[in-house]
Amino acid sequence: MKTQIGLAALLAALSTGAIAQNFNDPAEFERQKALLTVAPQGPDGKPWEQNLGGEKVDTAKYKKPGPYKLCFSNAGVNNPWRVVGFTNMQAEVDANKADIASFTHADAEGKDDKQISDINAFVNSGQCDALIVSPNTTAALTPAVEAAAKKLPVVVFDRGVDSKAPVTFINPIGGYGFGIQGASFIAEKIPAGGAVLALRILPGVDVLENRWAAAERIFKEKSIKVVGAEFTNGDNAKTKAIVEDYLNRFGKIDGVWMDAGATAVAALEAFEDAGKPYPVINGEDQQDFLQKWKKNKLTAIAPTYPTYQWRTPVIAALRILKGEPVTGPTWKLPQPAITAETLDKFVNDKMPPLHYALCGCEQMANYPARWGGK
Amino acid sequence: MSAVATHTGPSAALRFARGINVGLAVFLVLYGTITVLQPSYFEVEGFLNLLRRAAPLIILACGQLFVIAGGGFDLSMGSLVTLTVLGGSMLAGGNPDNTWWTIGVLYLIGLGVGLVNGLVVTLLKVPSIIATLGMLLSLNGAALMWSGGAPRGYLPENFRALGRLVYRDVPLTGIMPLSVLILIGFVGIAAWLLHATVFGRQVLAVGDNPRAAELSGVPVGATRVLVFVISALSAVTAGILLGGFAGVSTAVGQGLELQAIAACVIGGAQLLGGRASVTGAVAGGLSLFALFTLLNLMGLPQPLRETVQGLILIAAVASSAWRMRRA
Amino acid sequence: MSAGADIVATRPARNVPVAPLLFAGSLALYVATALATGQHAYLTGEGFVGLTQRMVGLGIVALGQTLTILVGSIDLSVANLISVSAVLASFIMKGEPAMIAPAVLAVLALSAAVGLVNGLIIARLDVNPLIATLGVGLILQGLLSASFSNFAGSVPAAFQAFAYGRIGPLPWSVLLLFVLAFAIWLLLSRTRFGAHLYATGGNRDGARLAGIRTERVMIGAHILCSLMAGLTGLYLASRLRAGAPWVGRDGVYDLESIAVVVIGGTLLAGGRGGVWGTLAGVFLFATLDAVFNMTGIDAFPKQVLRGAIVILAVAVYAVRSRGHVA
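As they're listed, the protein sequences go chains P, X and A. The working numbering applies: residue 1 is where the first sequence begins, and numbers increase by one. The working numbering applies: residue 1 is where the second sequence begins, and numbers increase by one. The working numbering applies: residue 1 is where the third sequence begins, and numbers increase by one.
Keep in mind that the hints were calculated from the coordinates and are not lab data. The structure displayed is predicted, hence computed values, not measured ones. No false leads were mixed into what you were given.
Pairs of lysine to any residue residues, derived as SDA-like cross-links and limited to a Cα-Cα distance of at most 25 angstroms, are as follows:
hint: 1; chain 1: P; residue 1: Lys-225; chain 2: X; residue 2: Gly-299
hint: 2; chain 1: P; residue 1: Lys-64; chain 2: A; residue 2: Gly-38
hint: 3; chain 1: P; residue 1: Lys-150; chain 2: P; residue 2: Gly-160
hint: 4; chain 1: P; residue 1: Lys-97; chain 2: A; residue 2: Gly-296
hint: 5; chain 1: P; residue 1: Lys-151; chain 2: A; residue 2: Gly-38
hint: 6; chain 1: P; residue 1: Lys-252; chain 2: X; residue 2: Met-176
hint: 7; chain 1: P; residue 1: Lys-345; chain 2: P; residue 2: Gln-287
hint: 8; chain 1: P; residue 1: Lys-252; chain 2: X; residue 2: Gly-174
hint: 9; chain 1: P; residue 1: Lys-276; chain 2: X; residue 2: Gln-38
hint: 10; chain 1: P; residue 1: Lys-69; chain 2: A; residue 2: Gly-38
hint: 11; chain 1: P; residue 1: Lys-151; chain 2: A; residue 2: Phe-292
hint: 12; chain 1: P; residue 1: Lys-276; chain 2: X; residue 2: Arg-168
hint: 13; chain 1: P; residue 1: Lys-252; chain 2: X; residue 2: Leu-165
hint: 14; chain 1: P; residue 1: Lys-350; chain 2: X; residue 2: Pro-156
hint: 15; chain 1: P; residue 1: Lys-350; chain 2: X; residue 2: Asn-98
hint: 16; chain 1: P; residue 1: Lys-151; chain 2: A; residue 2: His-40
hint: 17; chain 1: P; residue 1: Lys-225; chain 2: X; residue 2: Ser-40
hint: 18; chain 1: P; residue 1: Lys-294; chain 2: X; residue 2: Gly-94
hint: 19; chain 1: P; residue 1: Lys-252; chain 2: X; residue 2: Arg-168
Produce the entire structure from the sequences given, and follow the hints as far as they go.
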């Protein structure tokens, strides 16, 4: 018993001493807020090749004759977003068959330790002209990526690393931008004094924490009443149960803010089953949400974290190996939100429920079959 | 129960009371607290709503109970739920005409999974924890392979109705969710199988002491295979209800196997076999679900909810072990 | 009740040399794949160092798990304890070399305490080990996640040498794994505690009647197992440069450590088996990771294969055992 108490005391002491974690960074919030209004540069209609400002990096020193051997260390394909993204990437590789001799990937299954070994094995294999990395976590993968960058050109995307060693780091605006877009819309559309329920997936995931930090800030600025912030684990059944409980408790929920859209339809169904009017809601660019939005004429918005960013690293790696300059050391892609005006452009009944509309894949070979569409 | 029955033990009524005691007591305390926090749960409608959401977990617990009673574990239930939901959406493709044969195919898949689990344990002599752990990995991979990693279609409305439909204006209760009717039917069959048939007694005998059971003429291998089939069929049933309640997702079954085992244990089942009651499993499932609901209502930070679950789990088992020793 | 006498009322056929067979089979698979795919870099010294490096994290915790399974128990809390240790280490170190020693001591003390709690709940309160350690794991994870939601602190460069440093071509951490394995082998085969551990796992009531204080043996095995989990946490903190509350769970160290122990020929019921089989099981898992990478197989078929291999690897020798298995 004594040890149990001692253990609890030790952990309690730790919890009070825990440092404030850096998920709510006002400077980054302002930066992303500003980026939302920047007009993208680059080819029209190809947002995956565009950028929101940024320098050019000279890559002459990496130039070599093709075709090239590309290697990709993937954090995992453990959710539909990553599945769609990886399909985009494979399609991009196929589209560049002439330049690519081989494309080898290693899947880390969401394990930092394994991804470090995977990257080391790639570097050691001598089979890679360039390495693309989608890190499982930022801090843990930094040393491995730095070591790899000493041997060959590295392109990082989605999550970054704490280092300037990669040739370029590609991602859209980011979590704060997502949170700002969703929360601002809800704040504007709900009736005065309305209640908002926030549904979150998991604590501790950087991009999701950023989304919530931004939304919380916006709601505070606009004096919106947030009646609860609940974690759903991305589980439809749990989402529905939570929303039912809140509807029971408060009678009326006017707005639902979500940090990711996969369970948006389940949340809306809870309103249907309870016989309540739909709330003002933000989802994401998943087809099931877009289809429901269109069918039921919701008051909604869909901020995105576009999966077309999975095409860009392949393009960047090839440019680097050809010695062409690329945007870097950070390459910011546009991150549009789908609104009532642009909904018709993105909704597509032929695509599966969790297909992400901003895949930038509509013109690629084997669309829509390769993405599971009909 | 056979563990007790073979020795001289307390009277049947007392044994029955002991079988359901912990789970039921825990549930009543939790539910009482819930109604204080949210009075709407005090009405019949509130209780039926809770039952509707808890139905999949209770069904899983009843299926798992057979395996536990027989001395084993089934860790593959959760990924079979995932396979059921993803597979159902692939097969039915949103078309209501496909619903009934889709459900038939899903049960056939369940039958196959149960048979493989059972045969690997009985013929290949692989301990059930490892056999079903391997099955967990394989089934999850198979479900994702089949659907390409993300849901590929919708479940038709009449499929969804099984988990979603609520009859309104019912005499006496006001509302009646369809899934609660399915739950009642399922629990009835499970209770009959375990407590009123020769098969049920054989399961408990095998779990208590396989060698003795064999010597007394119990077909040990066949009994073992059957419990895994029952558990797999209950996972398919739970999957159909879950998919109906909330739609398609790839994470739907994650972790359900441990919840089902925990529910059995809170309900007084003895791991490694020999003592089990369906009433206890139902009470255990209800307690666990009531606990989740209560922690939600209390607005406790997410991580601390895990801590509370852990404490309750240990306390429930420790108290029943303590009472067993005093008996 | 221990998992002991009841899970398996049988013993495997004698004289199956699980460890060497498993090791040789895995090695053959690795070499053949490297040759078939033309990836000769995997066959260089550096390639093999990379392969053994994949063994370290799972290997250390699996050595500990071997002890709990041998004694007829099991530990599902290791993954959560690994997370707690990794976070605690980097939180106390905060990048200061002077804090390395206090941090390591704190982690080991905490780990021993968790092992003691596990052992007491199982041996004194008579709670089934699966439920006891599942519960303790949930409690640990809850307290940890309530306090930390991200990488906490960092480890100083000197401590990163634990995971990244080498003596000649051999990484320190790989060396540590083999030293620990050797030490536990000595403990099991050359000490009275080891003999008591086998006796308790083989037949707890019999061991008690023979005068062995089985409760102490059970508690001792759990303390050692938790210490190994703590060491794994330290290794991960060093390798990832900081600890995060999800490292243990994401690594699935609980189920994987049990799987490799059983694949290595240790009876799930306790009483028979040993560390070399476990190491061979860990080697199989590392080999599979490397082989799957070389062949570039997709993530989902990979899961199907891994599940089938886990079952088959155990079935290969278990099938020859007599009696009933649950």
